[in-house]
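Top line first, the protein sequences correspond to chains A and B.
Residue numbering for the first sequence follows the UniProt record's numbering, starting at 1 and increasing by one per position.
Residue numbering for the second sequence follows the UniProt record's numbering, starting at 1 and increasing by one per position.
Take these hints with a grain of salt, some might be off.
Simulated crosslink set (BS3-like; lysine-lysine; CA at most 25 angstroms straight-line) [to be verified]:
#, chain 1, residue 1, chain 2, residue 2
1, A, 279, B, 130
2, B, 67, B, 79
3, A, 277, B, 211
4, A, 277, B, 127
5, A, 279, B, 67
6, A, 279, B, 289
7, B, 129, A, 279
8, A, 277, B, 130
If you are wondering where the hints come from, they were derived from the structure by calculation, not from laboratory data.
The lines below spell out each chain.
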Amino acid sequence: MAFISPALLLLLGMSVFPLLWALYLSFTDYSATRATGTDFVGFDNYTTILTSSEVHTRALTTLVYVVGAVLLQTVLGFSIAYLISRRTRGRGALTTLFLVPMMLSPVVVGLFWKFMLDAQFGVINSMLGSLGFGQVEWLTRQRTALFSLIVVDTWQWTPFIMLIALAGLTAVPAYLYEAASIDRASEWFRFRHITLPMVWPLLLIAVMFRAIEAFRLFDLVYILTSGGPGVSTETLSFHVYKVAFLGFNTGTASAYGILMVLVVIVLAQLYLRYLNKLKEG
Amino acid sequence: MAIAIDEAVPGPVTDDAPSTRRRGGGARRVIEVVLLVVLAVAMLFPVLWMLETSIKENRDVYAVPAKFFNFDFTLDHFKDVFVGADGGRSDLSVSFLNSVIVAGASTVLATVLGVPAAWAYSRFTLKAKKDQLFFILSTRFMPPVVVVIPIFLMYRELGLIDSKLGLILIYAAFNVPFTIWMMKGFVDEVPSEYEDAAMLDGYTRLQAFWKFTLPLLVPGIAATAVFALIFSWNEFVFAIFLTSSQEVRTAPPAIAGLIGGTTVDWGLVAASAVVFAIPVLVFAFLVRKHLVAGVTLGAVRR
Chain A
1 MAFISPALLL LLGMSVFPLL WALYLSFTDY SATRATGTDF VGFDNYTTIL TSSEVHTRAL
61 TTLVYVVGAV LLQTVLGFSI AYLISRRTRG RGALTTLFLV PMMLSPVVVG LFWKFMLDAQ
121 FGVINSMLGS LGFGQVEWLT RQRTALFSLI VVDTWQWTPF IMLIALAGLT AVPAYLYEAA
181 SIDRASEWFR FRHITLPMVW PLLLIAVMFR AIEAFRLFDL VYILTSGGPG VSTETLSFHV
241 YKVAFLGFNT GTASAYGILM VLVVIVLAQL YLRYLNKLKE G
Chain B
1 MAIAIDEAVP GPVTDDAPST RRRGGGARRV IEVVLLVVLA VAMLFPVLWM LETSIKENRD
61 VYAVPAKFFN FDFTLDHFKD VFVGADGGRS DLSVSFLNSV IVAGASTVLA TVLGVPAAWA
121 YSRFTLKAKK DQLFFILSTR FMPPVVVVIP IFLMYRELGL IDSKLGLILI YAAFNVPFTI
181 WMMKGFVDEV PSEYEDAAML DGYTRLQAFW KFTLPLLVPG IAATAVFALI FSWNEFVFAI
241 FLTSSQEVRT APPAIAGLIG GTTVDWGLVA ASAVVFAIPV LVFAFLVRKH LVAGVTLGAV
301 RR
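Take these sequences, add in the hints, and give me the full structure.
Following this line, the structure appears as structure tokens:
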């Protein structure tokens, strides 16, 4: 097709071909800084990655991060959407205000939270101080660093869930509520049996979308903590970067990347299938 | 139809309960409003703090405890964003200009490639159309850190490392899936009968598209392009790995580079972040009607 092929060619050249190249490299011991001597090593890179305890640690960190952040923003985002949907006035303005964090670049968000969470002159510690609490080293302590990362991601992406949940709440036909109030159904009953089932499919879309994004996350980690302190906030994405660009083990990093891509493909397939089912149903 | 924010809320869920329940309802409403206000303040505080820091004198920026009011006002940080220490153009202003060029060119490229493809996917019966569309969207989900490894090697061979063209190409590839999905939704809304009628009048399919469908698509194209522009403008991972020189670097890595040294000029960071964020917020406000579709890469529309 003359109309489709230019776009597909660009995608083939910039997405498919690089991935195939990475697939090829993942079976070699290639290093981007070494000029000669690239040998096939079979599945060695894959076994190295899959059996490495370092990678297991990163996978756990990523899991905690993804589950923590997505859960928090889903609860918060849905709550805000629900509260907004119950207001009669000022809803448009409120929604617009709530959406601001989502539109900002992760760079801006990361930098700004780094400043606010600074142990010495950060405004968060300053406010805690005036309430009588001691200083917290948000980004430089093992315990709090991952938590801070989750908080920042939640701050930025709660509006996303809110926006989609709000769209779902719109779709609930008013007559259902009218019928329920004729039956004198309780508020909780209305929420549990009308609102939630109607909004749930769309909310699930948003949650899956966010999970994929959180799994890929790199920029916030890079700016806020650089994986530290120690390796406590190193996600899989960040670890791949270290292996590839600081260790220059390009072959290993490619295998690592391919494994991550496989995870993303599975998640994306689930997402797209569910979306498709929803559109047809 | 895409959902507008103003419409994206159900009709008021009025409490039709008899008047005995009114008082409980009133207290509940107060609680809800208070909750909303608290949440809104929490969400907006970082943005306001960034704005405030960008107009504070340096000694107030680092004040402990933090000064919320009564700080000395200055516009020096904003001057520093654009004017270099030697009085000429600052490095940051060069990277802002680079961002404009890269984001603009990649958006144009993605739009030119994506719109005809979206039209074709909407109008023609193609083999495995659904699979093709899903494949296209799934390329957008690839982790950038992973994609950047082979892209880096490929660009090194082609001499595209540290060039604006390299960034433009990768951003266009990154935006094409979005453009196709988003535009397909808009094309679906234009009845294909318009084109059929034009073809009965002797126009070719292409002429019919050009003369009758395209003009109706202009608002949709504009909204889609604005989202593509925002994505490219905000992008950081490819920018930091594929460019290194001051002349090519876009704004996100340049701003992130401000915290590299031992001391950080947070006033300057805040001012450049504000300058960087304002166009995005303005554009986002312009396309607020299409936000739901835009932020889900065109996948969710109702």
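Each hint, compared with the structure:
Under the criterion of a C-alpha separation no larger than 25 angstroms, the hint pairing residue 279 of chain A with residue 130 of chain B is consistent with the structure, at around 12 angstroms. For the proposed pair residue 67 of chain B and residue 79 of chain B, the alpha carbon gap of about 22 angstroms is at most 25 angstroms, so the pair holds. Our distance criterion of 25 angstroms between C-alpha atoms is broken by residue 277 of chain A and residue 211 of chain B, whose separation comes to about 35 angstroms. As the CA atoms of residue 277 of chain A and residue 127 of chain B are separated by approximately 20 angstroms, the hinted pair is consistent with the 25 angstroms bound.
Using a Cα cut-off of 25 angstroms, the hinted pair residue 279 of chain A and residue 67 of chain B is violated, with the two alpha carbons roughly 52 angstroms apart. Note on residue 279 of chain A and residue 289 of chain B: the hinted pairing holds, with a Cα-Cα distance of about 21 angstroms set against a maximum of 25 angstroms. Taken as a hint, the residue 129 of chain B and residue 279 of chain A pair is honoured in the structure, with Cα atoms around 16 angstroms apart against an allowance of 25 angstroms. Restraint check for residue 277 of chain A and residue 130 of chain B: the C-alpha separation of about 12 angstroms stays at or below 25 angstroms, so the hint holds.
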